[in-house]
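Novice: The task is simple: from the sequences and hints, build the whole structure.
Per our numbering, the very first residue in the sequence shown carries number 1; after that it's consecutive.
By construction, these hints were calculated from the structure, which means they are not laboratory data.
All values derive from a computational prediction rather than experimental measurement.
The beta carbon of each residue, even a glycine, is placed where N, CA and C say it ideally should be.
Treat the hints loosely; a few may be bogus.
Between beta-carbon pairs, the in silico distance windows are [what the hints assert, rightly or not]:
hint: 1; residue 1: P106; residue 2: I32; range: 40 to 50 Å
hint: 2; residue 1: R99; residue 2: A55; range: 24 to 34 Å
hint: 3; residue 1: G57; residue 2: T98; range: 25 to 35 Å
hint: 4; residue 1: E65; residue 2: T108; range: 47 to 57 Å
hint: 5; residue 1: T108; residue 2: Q25; range: 24 to 34 Å
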Amino acid sequence: ELLRVCPSPVSLNVSPNLQQFFSGQSVTLSCIGEGQEPGWTKRRSRRGQTEECGAAGSGFGVFNESSCVLDLLSSYTGVYWCETSSGQKSEQINITVTRKEDPPLPHT
1 ELLRVCPSPV SLNVSPNLQQ FFSGQSVTLS CIGEGQEPGW TKRRSRRGQT EECGAAGSGF
61 GVFNESSCVL DLLSSYTGVY WCETSSGQKS EQINITVTRK EDPPLPHT
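Specialist: Following this line, the structure appears as structure tokens:
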């Protein structure tokens, strides 16, 4: 009997789904899955801490029903994923936020 590796039942949806994000943009993160329990959107900051959307004090973004709404800052660059209360995790998505006022790098 072969063991099948099941894909994660929950996936993280980023809207709008852009290749490049700029500070000041509004982005909605939502957890999508078939019959999954409510997913929590989290991110891992560059300091290695895991933060939860809408959590008081250490959280980020605004938790709105099942979505997380972010007004992007350059400091929001990080790895984002969904995680259920039972510990199931979606695949991770890297989001890099660029400051609009940064000039393009000069060609050397």
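Novice: At the C-beta level, are R99 and A55 separated by a distance inside 24 to 34 Å?
Specialist: 25 Å, holds
Novice: Using the Cβ atoms, figure out if E65 sits within 47 to 57 Å of T108.
Specialist: Taking Cβ atoms as reference, E65 and T108 lie about 48 Å apart, which means the hint holds.
Novice: Could you say whether the range 25 to 35 Å given as a hint is met by the Cβ separation of G57 and T98?
Specialist: 27 Å, holds
Novice: Tell me if the beta carbons of P106 and I32 are separated by a distance inside 40 to 50 Å.
Specialist: 41 Å, holds
Novice: Quick one: are T108 and Q25 within 24 to 34 Å, going by C-beta?
Specialist: Given range 24 to 34 Å: holds, Cβ gap about 29 Å.
Every hint, counting from the list given before, is met by this structure.
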